[in-house]
Amino acid sequence: MNETAPRQRTVISAESKPAMPRYIKMRHDAGRDRWIILAPERLFDPDPIAVEVLKLCDGARTVGEIAEHLAKEYNAPREDIEADIVTMLQDLADKGVVKA
Amino acid sequence: MNETAPEKHVKESTVTMDAGEMRCDASSAPSPDPSCVIRAPIGLLAELTHRCPLQCPYCSNPLELEKVNTELTTEEWQKVMRQAAQLGILQVHLSGGEPTARRDLEEIITTASEAGLYTNLITAAVLLKRDRLEKLKECGLDHVQISIQDIDTAAENADRIGGYKGGSAKKKEVAGWVRELGMPLTINAPIHRHNIHNVEAIIDYAVSLGAGRVEVAHVQYYAWALKNRASLMPTREAFMEAARIVERKREELKGIIVIDAVVPDYYAKFPKPCMGGWGKGIINITPSGRVLPCHAAESITQLEFDNVKDRPLADIWLNGDAFNKYRGTSWMKEPCRTCPRREVDYGGCRCQAFALTGDAANTDPACSLSPMHEEWAKVADVESHLASPAFIYRRPGGASPKPAPAKTPEPSDA
Ligand code: SF4
Ligand code: SF4
Numbered sequence: 001m002n003e004t005a006p007r008q009r010t011v012i013s014a015e016s017k018p019a020m021p022r023y024i025k026m027r028h029d030a031g032r033d034r035w036i037i038l039a040p041e042r043l044f045d046p047d048p049i050a051v052e053v054l055k056l057c058d059g060a061r062t063v064g065e066i067a068e069h070l071a072k073e074y075n076a077p078r079e080d081i082e083a084d085i086v087t088m089l090q091d092l093a094d095k096g097v098v099k100a
Numbered sequence: 001m002n003e004t005a006p007e008k009h010v011k012e013s014t015v016t017m018d019a020g021e022m023r024c025d026a027s028s029a030p031s032p033d034p035s036c037v038i039r040a041p042i043g044l045l046a047e048l049t050h051r052c053p054l055q056c057p058y059c060s061n062p063l064e065l066e067k068v069n070t071e072l073t074t075e076e077w078q079k080v081m082r083q084a085a086q087l088g089i090l091q092v093h094l095s096g097g098e099p100t101a102r103r104d105l106e107e108i109i110t111t112a113s114e115a116g117l118y119t120n121l122i123t124a125a126v127l128l129k130r131d132r133l134e135k136l137k138e139c140g141l142d143h144v145q146i147s148i149q150d151i152d153t154a155a156e157n158a159d160r161i162g163g164y165k166g167g168s169a170k171k172k173e174v175a176g177w178v179r180e181l182g183m184p185l186t187i188n189a190p191i192h193r194h195n196i197h198n199v200e201a202i203i204d205y206a207v208s209l210g211a212g213r214v215e216v217a218h219v220q221y222y223a224w225a226l227k228n229r230a231s232l233m234p235t236r237e238a239f240m241e242a243a244r245i246v247e248r249k250r251e252e253l254k255g256i257i258v259i260d261a262v263v264p265d266y267y268a269k270f271p272k273p274c275m276g277g278w279g280k281g282i283i284n285i286t287p288s289g290r291v292l293p294c295h296a297a298e299s300i301t302q303l304e305f306d307n308v309k310d311r312p313l314a315d316i317w318l319n320g321d322a323f324n325k326y327r328g329t330s331w332m333k334e335p336c337r338t339c340p341r342r343e344v345d346y347g348g349c350r351c352q353a354f355a356l357t358g359d360a361a362n363t364d365p366a367c368s369l370s371p372m373h374e375e376w377a378k379v380a381d382v383e384s385h386l387a388s389p390a391f392i393y394r395r396p397g398g399a400s401p402k403p404a405p406a407k408t409p410e411p412s413d414a
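Chains P and S, in that order, are what the protein sequence lines are. Quick note: the first sequence uses this note's numbering, first residue 1, plus one each step. Quick note: the second sequence uses this note's numbering, first residue 1, plus one each step.
Think of the hints as simulated: they come from the structure by calculation, not from any bench. Note that the Cβ used here is the ideal one computed from N, Cα and C, for glycine as well. One should not assume that every hint holds.
To be verified - Below are the DMTMM-like pairs computed for lysine to aspartate or glutamate, each with C-alpha atoms no more than 20 Å apart in a straight line:
#1 P/LYS17 with P/GLU82
#2 P/LYS72 with P/GLU15
#3 S/LYS135 with S/GLU180
#4 S/LYS254 with S/GLU237
#5 P/LYS55 with P/GLU65
#6 S/LYS8 with P/ASP47
#7 S/LYS79 with S/GLU64
#8 S/LYS333 with P/GLU52
#9 S/LYS11 with P/ASP94
#10 P/LYS99 with P/GLU65
#11 S/LYS11 with P/GLU79
#12 S/LYS165 with P/GLU79
#13 S/LYS11 with P/GLU68
#14 S/LYS135 with S/GLU106
#15 S/LYS137 with S/ASP159
#16 S/LYS325 with S/ASP315
#17 S/LYS129 with S/GLU114
#18 S/LYS67 with S/GLU114
#19 S/LYS129 with S/GLU173
#20 S/LYS137 with S/GLU200
#21 S/LYS269 with S/ASP104
#22 S/LYS333 with S/ASP315
#23 S/LYS135 with S/ASP104
#24 S/LYS8 with P/ASP94
#25 S/LYS129 with P/GLU82
#26 S/LYS269 with S/GLU237
#27 S/LYS11 with P/ASP47
#28 S/LYS269 with S/GLU173
#29 S/LYS11 with P/GLU52
#30 S/LYS137 with S/GLU107
#31 P/LYS55 with P/GLU68
#32 S/LYS309 with P/GLU52
What the hints assert, rightly or not - Estimated spans, in silico, between C-beta atoms of each pair:
#33 S/GLY182 with P/GLU73: 57 to 65 Å
#34 P/ASP58 with S/LYS8: 41 to 49 Å
#35 P/ARG34 with S/ASP260: 32 to 40 Å
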């Protein structure tokens, strides 16, 4: 039962509009005061930055817009942030947690 | 966002079920990730009912069997299956007692399969008819595991062990149907003093039945098996011989059948990681809906268990007291706390530690580093050389202290 149909690899760029598919659930674990992502075979442990990014991934905003938003909020260089979240989202896309 | 160096913002946990008797067919390599305490469970052991026509003296069900009027309803089990799939569980083992005693098994399997779960039926097979098996397959059943007591040519012994006349022949017939219907088959053979001499023949028998996998499952001494330890414990010599046979057969039958062996911990140096680690990959649900980290966990009398009727499964898994109590390694005492094997075997079996030391956080006496190990291992050696007492058969009320029967009960006593 481990065959998954080969699909096109999702490549994340500044223009991508990422979102989590319906079967991936990010929820707050009140008992431990942290967020978790439940996926079919796995459980992910996002840090606060990842949680913030993923909350902004609504399928409408582009990665560039998300980076811009966070750059203002954290008062940090936009390029660094964009590079950081592209790497993170690419990793998650490869694991099927994020679609774009 | 102050680091420029590439940094992991999301840690991933891959669940594996690497050891113990509840083995999954999924065999991905374990990836050590001590930073993540909670992983999504991979397997659900659903004890649909404690009813069973057999009476195996090594049954892993609790001595106090749950009654039919406390069993979850069809809808409740269906809800469990959906919640399990959502939680990330991949495989559900439909077990018991005898799961086919539930008339709504078809509906439960249909729901489980629609939810995307891989369904495994763990059955004694004697209640199955061919058309029902076919029906179960149509509902989405993926895999069948049939337990046997001995080989077909020792049917009398097999039926005496299971306390069910004609069981051996019936199981053979059902195994044939499973293959005719093109379904994968596992043969599970609990091994003990009364069949250990036949280990080689049992493996060959599983091959002749067309099984892809056989479990040479040395009895684990909890619950009914602990009651019957003096009758069931093989000698160390018999065990060593069986272990050699398994090794040789594995070579011989490479590519023909997979042989999984569960070792009796009385004769091991280190304990097994019970359930692959407490609250790490497996959930067990009793017929009435109690959610356990291990099927024997109710024997730890200080623990409180949640019921799927009161709380969502994910909440119980993540936050339930019983699951968090012995999850990971932070609860450990010495010698486990500082032992390099602590993430290998998680200190062994909590239930065994509790039963023998009164504190489930102690090292399992099965470990040679436990101060109680020597004394404990001696018991096996002594008992295995004495004459085998009569079986205390698994049946409702059967474990309550009564004057011991003078003779070995016949199957017809049932
Ligand atoms: S071990 Fe034997 S008695 Fe127990 S559930 Fe299985 S078949 Fe029934
Ligand atoms: S001391 Fe504990 S962790 Fe070490 S081998 Fe024994 S049971 Fe396992």
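Results of checking the hints against the structure:
A distance of roughly 13 Å separates the Cα atoms of P/LYS17 and P/GLU82; the hinted pair therefore holds under the 20 Å criterion. Between the alpha carbons of P/LYS72 and P/GLU15 the distance comes to roughly 19 Å, so the proposed pair stays at or under 20 Å and holds. A distance of roughly 14 Å separates the Cα atoms of S/LYS135 and S/GLU180; the hinted pair therefore holds under the 20 Å criterion. For the hint pairing S/LYS254 with S/GLU237, the CA-to-CA distance comes to about 26 Å; that exceeds 20 Å, so the pair is violated.
Among the hinted pairs, P/LYS55 with P/GLU65 is consistent with the structure: their alpha-carbon atoms are about 13 Å apart, no more than 20 Å. Between the alpha carbons of S/LYS8 and P/ASP47 the distance comes to roughly 9 Å, so the proposed pair stays at or under 20 Å and holds. Note on S/LYS79 and S/GLU64: the hinted pairing is violated, with a Cα-Cα distance of about 26 Å set against a maximum of 20 Å. About 39 Å separates the Cα atoms of S/LYS333 and P/GLU52, which puts this hinted pair outside 20 Å; it is violated.
The suggested pairing of S/LYS11 with P/ASP94 holds, with an alpha-carbon distance near 14 Å, which does not exceed 20 Å. Pair hint P/LYS99 plus P/GLU65 holds up; C-alpha atoms about 17 Å apart against a cutoff of 20 Å. Annotation: proposed proximity of S/LYS11 to P/GLU79 is violated, straight-line Cα distance about 24 Å (limit 20 Å). Of the supplied pair hints, the one linking S/LYS165 and P/GLU79 is violated, its CA atoms being roughly 76 Å apart against a limit of 20 Å.
Taking the CA atoms of S/LYS11 and P/GLU68, the gap is about 25 Å. The hint is violated against a cut of 20 Å. Of the pairs offered as hints, the one joining S/LYS135 and S/GLU106 holds, with about 7 Å between alpha carbons and a cut-off of 20 Å not exceeded. Restraint check: the Cα-Cα separation between S/LYS137 and S/ASP159 comes to about 28 Å, which exceeds 20 Å; the hinted pair is violated. A C-alpha spacing of about 15 Å is found between S/LYS325 and S/ASP315, which places the hinted pair at or below 20 Å, so the restraint holds.
For the hint pairing S/LYS129 with S/GLU114, the CA-to-CA distance comes to about 24 Å; that exceeds 20 Å, so the pair is violated. Annotation: proposed proximity of S/LYS67 to S/GLU114 is violated, straight-line Cα distance about 29 Å (limit 20 Å). Of the supplied pair hints, the one linking S/LYS129 and S/GLU173 holds, its CA atoms being roughly 10 Å apart against a limit of 20 Å. Taken as a hint, the S/LYS137 and S/GLU200 pair is broken in the structure, with Cα atoms around 31 Å apart against an allowance of 20 Å.
At most 20 Å may separate the alpha-carbon atoms for a hinted pair to count; S/LYS269 and S/ASP104 exceed this at roughly 44 Å. For a cut-off of 20 Å, the pair hint linking S/LYS333 to S/ASP315 is broken: about 28 Å separates their Cα positions. For a cut-off of 20 Å, the pair hint linking S/LYS135 to S/ASP104 stands: about 12 Å separates their Cα positions. With a C-alpha separation of about 14 Å, the suggested pairing of S/LYS8 with P/ASP94 holds against the 20 Å cut-off.
Between S/LYS129 and P/GLU82 the alpha-carbon distance is near 62 Å, which puts this suggested pair outside the 20 Å criterion. Restraint check for S/LYS269 and S/GLU237: satisfied, since their Cα atoms lie roughly 16 Å apart, inside the 20 Å limit. With a C-alpha separation of about 8 Å, the suggested pairing of S/LYS11 with P/ASP47 holds against the 20 Å cut-off. For the proposed pair S/LYS269 and S/GLU173, the alpha carbon gap of about 40 Å is over 20 Å, so the pair is violated.
With a CA separation close to 15 Å, the supplied pair S/LYS11 and P/GLU52 stays within the 20 Å bound. For a cut-off of 20 Å, the pair hint linking S/LYS137 to S/GLU107 stands: about 12 Å separates their Cα positions. For the proposed pair P/LYS55 and P/GLU68, the alpha carbon gap of about 15 Å is at most 20 Å, so the pair holds. With a CA separation close to 34 Å, the supplied pair S/LYS309 and P/GLU52 exceeds the 20 Å bound.
Between S/GLY182 and P/GLU73 the beta carbons are some 58 Å apart, a value that agrees with the proposed interval 57 to 65 Å. About 23 Å separates the C-beta atoms of P/ASP58 and S/LYS8, a value inconsistent with the hinted range of 41 to 49 Å. In this structure the supplied range 32 to 40 Å holds for P/ARG34 paired with S/ASP260, their Cβ-Cβ distance being about 37 Å.
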